[in-house]
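Novice: Assemble the whole structure, with the sequences as input and the hints as a guide.
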Amino acid sequence: MFHRESGYFKTTYQADMGLYPLPVARYAMVAIGAVLFILCPLLLDGYYLSIINLVAIAVVGAVGLNILVGFTGQISIGHAAFMSVGAYTAANLATKLDLPFWLTVPAGGAMAALIGILVGIPSLRIKGLYLAIATLAAQFIIEWIINHTPSISGGVAASIEMPRPVFFGKELANQAELYYFLMVIAVIAVVGALNLMRSRIGRSFIAIRDQEIAAEIIGINVFKTKLIAFGVSSFYAGVCGVMYTYYLGIANYENFQLITSVDYLAMVIIGGLGSILGSIFGAIFITMLPIVIRLLMESFGSIFIDDAALAQVIAQFRLIVFGGLIILFLVVEPDGLAKLWQNIRNYFRFWPFSY
Amino acid sequence: MNDTAGSGGGVKLKIQGAAKNFGGVRAVSNVSADVQEGEIFAIIGPNGAGKTTLLNMISGFYHPDEGSIHFEGHDISTTGPSEIAALGIARTFQNIALFRGMTVLDNLMMGRHVLMKSGVLSSFLYWGPARREEVAHREKVEQIIEFLKLTDLRKTPSGALAYGLQKRVELGRALAAEPSLLLLDEPMAGMNQEEKEDMVRYVLDVNQEWGTTIALIEHDMGVVMDISDHVMVMDMGEKISQGTPDEVRADHRVIEAYLGSTDHKEVA
Ligand SMILES: Nc1ncnc2c1ncn2[C@@H]1O[C@H](COP(=O)(O)OP(=O)(O)OP(=O)(O)O)[C@@H](O)[C@H]1O
Ligand SMILES: [Mg+2]
Chain G
1 MFHRESGYFK
11 TTYQADMGLY
21 PLPVARYAMV
31 AIGAVLFILC
41 PLLLDGYYLS
51 IINLVAIAVV
61 GAVGLNILVG
71 FTGQISIGHA
81 AFMSVGAYTA
91 ANLATKLDLP
101 FWLTVPAGGA
111 MAALIGILVG
121 IPSLRIKGLY
131 LAIATLAAQF
141 IIEWIINHTP
151 SISGGVAASI
161 EMPRPVFFGK
171 ELANQAELYY
181 FLMVIAVIAV
191 VGALNLMRSR
201 IGRSFIAIRD
211 QEIAAEIIGI
221 NVFKTKLIAF
231 GVSSFYAGVC
241 GVMYTYYLGI
251 ANYENFQLIT
261 SVDYLAMVII
271 GGLGSILGSI
281 FGAIFITMLP
291 IVIRLLMESF
301 GSIFIDDAAL
311 AQVIAQFRLI
321 VFGGLIILFL
331 VVEPDGLAKL
341 WQNIRNYFRF
351 WPFSY
Chain U
1 MNDTAGSGGG
11 VKLKIQGAAK
21 NFGGVRAVSN
31 VSADVQEGEI
41 FAIIGPNGAG
51 KTTLLNMISG
61 FYHPDEGSIH
71 FEGHDISTTG
81 PSEIAALGIA
91 RTFQNIALFR
101 GMTVLDNLMM
111 GRHVLMKSGV
121 LSSFLYWGPA
131 RREEVAHREK
141 VEQIIEFLKL
151 TDLRKTPSGA
161 LAYGLQKRVE
171 LGRALAAEPS
181 LLLLDEPMAG
191 MNQEEKEDMV
201 RYVLDVNQEW
211 GTTIALIEHD
221 MGVVMDISDH
231 VMVMDMGEKI
241 SQGTPDEVRA
251 DHRVIEAYLG
261 STDHKEVA
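For the protein sequence lines, the chains are G and U, in the order given. So for the first sequence, the working numbering puts the first residue at 1; every next one is plus one. So for the second sequence, the working numbering puts the first residue at 1; every next one is plus one.
The hints are simulated quantities; they were obtained by calculation from the structure and are not laboratory data. The reader is advised that the hints may include incorrect statements.
As the list claims (entries may be wrong) - Taking lysine-lysine and the DSSO-like style, the derived pairs with C-alpha atoms no more than 30 Å apart in a straight line are:
| # | chain 1 | residue 1 | chain 2 | residue 2 |
| --- | --- | --- | --- | --- |
| 1 | G | Lys224 | U | Lys149 |
| 2 | G | Lys339 | U | Lys155 |
| 3 | U | Lys196 | U | Lys140 |
| 4 | G | Lys127 | G | Lys339 |
| 5 | U | Lys196 | U | Lys149 |
| 6 | U | Lys140 | U | Lys155 |
| 7 | U | Lys149 | U | Lys117 |
| 8 | G | Lys96 | G | Lys170 |
| 9 | U | Lys140 | G | Lys224 |
| 10 | G | Lys127 | G | Lys224 |
| 11 | U | Lys155 | U | Lys117 |
| 12 | U | Lys117 | U | Lys140 |
| 13 | U | Lys196 | U | Lys155 |
| 14 | G | Lys127 | U | Lys117 |
| 15 | U | Lys196 | G | Lys224 |
Said to hold, decoys possible - Per the computed footprint, the stretches of chain U lying under chain G, defined by three or more beta-carbons under 8 Å from a beta-carbon of chain G, are:
| # | region |
| --- | --- |
| 16 | 106 to 119 |
| 17 | 178 to 190 |
Bear in mind the structure is a predicted one, so any value in this text is a computation, not a measurement. Glycine included, C-beta positions come from ideal geometry on N, C-alpha and C.
Specialist: Structure, rendered in structure tokens:
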């Protein structure tokens with residue numbers, strides 16, 4: 001899927017403005033689609049599919065967060081809380097009103113968007129560190145409210161059991177069946193984000209990030225546009241929360257605490273700020289990291305220490321690797337994995353005629 | 001003052017007794033001026049005279065503390081910058097303010113923001129109207145890219161361009177909005193002779209071929225006297241002279257301000 005431009009000329013603006021202007025890229029997309037939707041479910045068993053499911057869920061959240069942080073230049077440390085808003089909204093609608101997934105998913109997104117917009121209101125006045133603190137506060141406030149309102153959280157344990165999604169009368173009961181459900185949502189989310197970022201609204205996000213004053217002089221309503229960015233971003237977070245809830249079969253605030261917000265920030269930083277592709281890389285990377293660490297530690301760690309201590313070490317080790325990687329990327333490659341990928345791609349871009 | 005050379009009839013922009021204070025600094029005080037439809041109107045004056053501040057008030061970035069500004073008969077004294085842009089006023093900045101992460105093409109597309117209207121949902125789907133809108137505006141932008149000879153650079157990130165080219169892209173972004181009043185804050189500052197000549201030609205072409213009214217701030221006297229229909233001279237926040245280039249050149253207050261401004265600084 002290297003974008004080779006040699007020997008191909010675009011003849012209309014429409015062709016030039018396509019998501020995949022080059023035929024090679026289009027074939028590559030078809031190939032990726034075939035692997036994701038045909039090969040993977042055929043060849044992989046439930047365990048591996050459940051990992052890919054986790055990645056698909058993370059992709060939606062990471063793309064959403066990147067729209068706000070990477071493209072619009074605003075910060076949110078409260079995204080996990082927006083996810084929990086989506087999760088509990090969907091869980092309540094599914095259990096109390098028996099609503100199907102095609103209503104609970106957008107409803108969870110919409111409710112999270114509403115809360116996200118409220119949290120975004122201070123962004124007109126405050127920036128950077130102060131906005132970070134405001135969204136951090138939102139994280140705790142939302143968590144507290146959900147936890148202390150039984151009618152939202154479903155009682156003492158603050159968790160609601162989520163019915164399985166039903167697709168044309170068929171219950172999606174296992175990971176292999178959930179796979180299609182989650183993957184389709186992830187694909188819609190990614191394509192939608194790519195569309196958004198190449199048109200009027202997405203450009204105005206970037207304009208605000210690059211030059212807020214010029215953006216305003218050019219006619220962008222900065223306040224409204226920032227709120228749209230918060231809205232879109234937390235809609236994605238909400239949908240991500242709903243997906244996770246269907247995946248787990250339970251809505252529980254413990255899955256949406258500060259550390260999860262930080263996980264998602266790590267995804268967009270390591271993946272690449274302001275890049276949809278980077279968000280996908282970041283989501284894969286951060287989701288796979290603990291799994292790979294566990295695998296390695298379990299294979300080699302038992303040589304040095306006993307199993308009981310190992311579980312403890314794995315948990316700590318994950319945090320260390322995690323922190324180290326964020327620092328490494330911030331220092332060495334602030335544009336993240338997406339940039340590394342681009343470097344490789346550019347090398348082959350006009351191959352074999354580099355000059 | 002009553003000379004009508006180059007004007008297409010009617011007052012485009014009317015500034016009446018405009019004043020702006022920053023703390024104790026009186027940046028602009030009691031400035032009145034009429035910019036005629038279709039003319040090139042130059043604002044000159046020593047550093048710190050208040051020229052940029054006046055431009056900032058016209059584009060809605062600041063609101064005048066006193067006085068008023070009317071554009072095509074509408075009072076825009078308290079109108080916000082984004083609404084003023086929608087009325088047909090576009091500008092460039094003294095210190096380049098491009099969207100550096102965007103390509104030249106996207107910067108110009110951005111200039112057309114006020115003329116486009118796709119919302120979140122239709123952009124998300126990129127179907128029908130949203131897609132047609134993008135393509136239609138792309139065509140207009142390509143005309144401007146061709147006019148400004150930026151064809152080879154359309155996919156280059158604007159932040160990576162040389163200074164002179166960035167100035168040209170900024171002009172392009174302002175033109176993309178198809179403004180009826182174009183404000184230029186020192187469009188030729190920091191350019192070499194050849195770049196200046198190019199820029200002068202673009203400004204004249206825009207004025208003559210598209211009929212755009214232009215108000216510009218410029219320090220290069222040769223350029224100002226050559227291309228403007230009217231010149232306004234400011235010093236220490238006040239308007240000290242106005243007229244055709246010839247009238248202004250002959251005005252002894254202007255000569256004093258320019259020669260005397262160094263004295264002021266020594267005294268102050
Ligand atoms: N935002 C601001 N806050 C405080 N003072 C300001 C501000 N903007 C301008 N000033 C002051 O107002 C006065 C006029 O500034 P202005 O930028 O309008 O001058 P200018 O004529 O454009 O000068 P130059 O030729 O150097 O660009 C200066 O004394 C400047 O320091
Ligand atoms: Mg100035």
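Novice: Could you run down the list of hints and mark each one as holding or not?
Specialist: Status of each hint after checking the structure:
no.: 1; hint: G:Lys224 x U:Lys149; in the structure: violated (35 Å)
no.: 2; hint: G:Lys339 x U:Lys155; in the structure: holds (17 Å)
no.: 3; hint: U:Lys196 x U:Lys140; in the structure: holds (25 Å)
no.: 4; hint: G:Lys127 x G:Lys339; in the structure: holds (26 Å)
no.: 5; hint: U:Lys196 x U:Lys149; in the structure: holds (15 Å)
no.: 6; hint: U:Lys140 x U:Lys155; in the structure: holds (16 Å)
no.: 7; hint: U:Lys149 x U:Lys117; in the structure: holds (28 Å)
no.: 8; hint: G:Lys96 x G:Lys170; in the structure: holds (20 Å)
no.: 9; hint: U:Lys140 x G:Lys224; in the structure: holds (27 Å)
no.: 10; hint: G:Lys127 x G:Lys224; in the structure: holds (16 Å)
no.: 11; hint: U:Lys155 x U:Lys117; in the structure: holds (24 Å)
no.: 12; hint: U:Lys117 x U:Lys140; in the structure: holds (16 Å)
no.: 13; hint: U:Lys196 x U:Lys155; in the structure: holds (24 Å)
no.: 14; hint: G:Lys127 x U:Lys117; in the structure: holds (28 Å)
no.: 15; hint: U:Lys196 x G:Lys224; in the structure: violated (38 Å)
no.: 16; hint: 106 to 119; in the structure: holds (count 10)
no.: 17; hint: 178 to 190; in the structure: violated (count 0)
Consistency with the previously given hints fails for numbers 1, 15, 17, ordered from lowest to highest.
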